[in-house]
Amino acid sequence: MIIRRVNLARLLVLITTTLFMMNAASATLNCIIITDPTGQDPNGAAAGSMSFDENMFQSTFIFSPADKFAILSGGVDTTSTTGGINDTPRLSAVISSINILKANGTAQAAASVANSYTGQRLVVGGPTIGAALTGTSGNYLIVVANDGTITVTPYSGGTAVLPPGAKGAVMHLLHTPGNPQNDNTSAVGQATAIMIGQEIRDGHSATDIMGDVFKKVSIESGEKYGGGAVNIGSGISTADMFTPSELNQTGYPMDQPYVKVDNISGWSVGYPTADSYTTSPIDNNPLQVVYAYDALRSAITVQQTNVTVFSYGSDSPGISATTSQVVSYSVSKHGFDANAIANDINSAISSGLLIGVYPVEPSNINIQTATKQVGVYYTPLTGGRTAPPWNIPISSSLLDTIGNLQTAIGLIIVVLVLFRSTLISSFSRRRKKL
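Note that the sequence shown ends on residue 880 in this note's numbering; no numbers are left out.
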């Protein structure tokens, strides 16, 4: 669940309702990575969560883009007996943690709340407040000093703290009962923690490292179902890309192919539909397979060519999403060029990828370069058309004349067929008279 800044009372109702509707999910990978403790790098802080368990990202992940913090909770499954907040330890711990952070408390204080609740775990952090983790075994603190020294410390209790101003991460990883892979999470956790430290030392961003964490953990430990991740500083997330569509189900397997992409036109198709495509229907280019962990990395990483796309003039299904896809790829290839964007949109219309609208002109493209926003103004087709009429270099009056001639010829043929026998008899009688 991703929760934006709302009134605390509404927040309590929302979380309470969600927890009571499902079996509690216990995230077995919880990770917060901070590569820029100043908060200046738009990709300098990220949080992620996945597991072999059900309901991932629906009850264990609180994210505030406004206040720039994330809280990942977990621990033993708990259920309410009377419906009160105090009867649900995880919920009570999360609310207490939120209150501390909103009162400008430290990440350490917010995470330490879990010590007051049996079997609970809290992972808390943000770009400038550092990160902290409180809970049972399977916990790691990674600190990267200014001289590049990497320190990885396993924790089996207490609170692991990455102080404000430090580069590093906190991570939790345990084996979920029912996961068919052998319980190797201690080895995988240690290796993943070292990898995080090395990549921080080598200058990788937090969002890029998070993609590598999901890849390594999902493949090597089997704790692989999304879940998802957030860019804490920039306020973007994977949202419901990988979460289960129904309650009490597992999310998307993060070690599996997620989508196929045409790197020329930007056209893409998700699995399982992608199994039916080997080339793009737009230009017959081969399609590249993108795995879920790379799709996650891309979704939370702010890039120079990232663009927000708005569509106007048509409410036809798929127009908004497809336009965003086409424009984003056009910008990545050609920059904020109205002519190039219009050409790419019109190619999508010609190929049938966009339907129900007329081709656009560069003047229909409104570009705000400073905020990286593009507005596309469509004129919807009328008369139930899905594709625009052909642009044939013949005048409409000539076409009307041809149409009228065709109609007249057709009527003559119909008359001849209907009165064939009468006409033949009349013709025969005239010949006899002659």
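Among these hints, one or two may not hold up.
[What the hints assert, rightly or not] Calculated lysine-lysine pairs in the DSS-like style (CA-CA distance at most 25 Å, straight line):
| id | residue 1 | residue 2 |
| --- | --- | --- |
| 1 | Lys779 | Lys818 |
| 2 | Lys779 | Lys514 |
| 3 | Lys514 | Lys548 |
Just so you know, these hints were derived from the structure itself, not from any lab.
Against the structure, the hints:
no.	hint	in the structure
1	Lys779 with Lys818	holds, 15 Å
2	Lys779 with Lys514	violated, 32 Å
3	Lys514 with Lys548	holds, 10 Å
Going through the hint list in order, the structure does not satisfy hint 2, though it satisfies all others.
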